[in-house]
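Enquirer: Chains as they are written, first to last, in this note's numbering: chain A, 1 to 177; chain B, 1 to 241.
Since the hints were derived computationally from the structure, they do not count as laboratory data.
Please note that the accuracy of each hint is not assured.
Covered stretches of chain B (in silico footprint by chain A; criterion: 3 or more residues with CB under 8 Å from a CB of chain A, positions within the stretch not fixed) [to be verified]:
id : stretch
1  : 30-42
2  : 102-113
Part of the chain A face toward chain B, derived, beta carbon under 7 Å [unchecked claim]:
id : residue
3  : Tyr86
4  : Thr128
5  : Pro154
6  : Gly156
7  : Leu157
8  : Arg159
9  : Trp162
Straight-line Cα separation of at most 25 Å, DMTMM-like style, residue types lysine to aspartate or glutamate; simulated pairs [unchecked claim]:
id : chain 1 : residue 1 : chain 2 : residue 2
10 : B       : Lys191    : B       : Asp118
11 : B       : Lys191    : B       : Glu211
12 : B       : Lys191    : B       : Glu132
13 : A       : Lys164    : B       : Asp23
14 : A       : Lys173    : B       : Asp23
15 : B       : Lys191    : B       : Asp219
Just so you know, these numbers come straight off a predicted model, no measurement behind them.
Even glycine gets a Cβ: it sits at the ideal position worked out from N, Cα and C.
The primary structure of each chain is shown beneath.
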Amino acid sequence: MIMPPGLRKFALSIHLTASVGWIGAVAAYIALDVTTAASQDAQTVRAAYLGMELIARYVIVPLALASLLTGVVMSVGTRWGLFRHYWVLISLLLTVLATVVLLAETQTISYYAHRAADPATPGDELRTLGSTLVHSIGGTVLLLVILVLNVYKPQGLTRYGWRKQQEQQEQRKVSQP
Amino acid sequence: MSQSDTRPDPGAAPDAPAGVPRDTPPGTPGWVKMFGLVALVLVVLVAIIMVTGIGGQHGPGRHLPGGNSSGSTPTAKPDAGTPTLPVGGGIPAEAAPVRARFASYTVEQAAREGYVRDEFCLDATAFGQSVEHGAMGFHATNETLLRGPIDSNRPQALMFDSEGRVLGVEYEVVADAVSDPPSLFGRTFGKLPAHAGVEHEHYALHLWFIENPNGALADFNPSLTCPPGSTPGHEPGGEDH
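Next comes chain A alone, as it looks inside the complex (with noise of 0.2 Å):
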């Protein structure tokens, strides 16, 4: 069903407003990853800690289901179908992918967050829990990939939107007096 004009402006703008977001949540939430690896000050790595899990849990989390979720309504629901353009495809496989890995994360991100929390983890300890640095950075460069895809549009149609192309012409040429 292809939206009509407004509706579908209304769904960009709350598409645009989680992907972006997204993006600037997972940038404020690598300052924090970052400080956990290399800060040496206990009581700092201890409230990074419990910072990047509330982010994560309350803002990224949100935001990534609501990207995906408005993402494939603004695929269905125009007529760039989910299926049809290869840069529509790879995205939703990417934002798919990022979500993913991002809940799975989130997982090690609460375990942090739980030892941090506990006012007897040592300080040693907190230093060398670990980061997750190398997921947020890897996602991050995920979701500037999509956006760039988004942005540009590269042509080319799949089998399948090329098929479905073929038919919506012969409807038209049916349809014509």
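Start from chain A and add chain B according to the hints.
Expert: Chain B in isolation, oriented as in the chain A frame:
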């Protein structure tokens, strides 16, 4: 997946390349092929990293309690590198947090906290006993803790198998650092002679995370044997010290 409005929605044939017959599906664009190639390389790299263990244990469960233990049924007599490690029972309730914290440690993670893994595996023969008594595995010892204190959350050593999985932990203190044998988890430490890896007579208590027929606090685990050629032989320590 931002379908911005900067371009009109695709019309009749926005992507039909010039010169391609209409009844022929378009080929895969070059940028998609390049994308797939890069993705393939990345997937292979990640697979190599995960299989070889470079960069430490991977996966979301790596920090969770018991995340590194297998619940498989034990086979007849596994060595310290057998992939099926039965999860130990009979662990004192007060020792459960210790297991929760350390069971998923990797050798690298332990090293970052000062636990240096021995190159050799210790079995009962290193203590002048019959090999039938079992083994302890590969110790990773934090030597800065060898004079105490005894703290359940800071064991002096971790015991690994040859695959780098945690078998248990060891609390120990050199004998001349204390006036009496310490106690932990309701058990008084036993005195062990110097042996490879520990130069002095010491009091020790082992806590096994995997099944130990002799009990979770026994020195040796008769279910384990050291891999061939991995024991220190009659090297330093032993009963001569």
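Enquirer: Now look at each hint and say whether the structure bears it out.
Expert: Evaluated hints:
| no. | hint | verdict |
| --- | --- | --- |
| 1 | 30-42 | holds (count 3) |
| 2 | 102-113 | holds (count 3) |
| 3 | Tyr86 | holds, 5 Å |
| 4 | Thr128 | holds, 5 Å |
| 5 | Pro154 | holds, 5 Å |
| 6 | Gly156 | holds, 4 Å |
| 7 | Leu157 | holds, 4 Å |
| 8 | Arg159 | holds, 5 Å |
| 9 | Trp162 | holds, 5 Å |
| 10 | Lys191(B) x Asp118(B) | holds, 21 Å |
| 11 | Lys191(B) x Glu211(B) | holds, 23 Å |
| 12 | Lys191(B) x Glu132(B) | holds, 20 Å |
| 13 | Lys164(A) x Asp23(B) | holds, 12 Å |
| 14 | Lys173(A) x Asp23(B) | holds, 15 Å |
| 15 | Lys191(B) x Asp219(B) | holds, 10 Å |
When the structure is compared with the earlier hints, no violation turns up for any of them.
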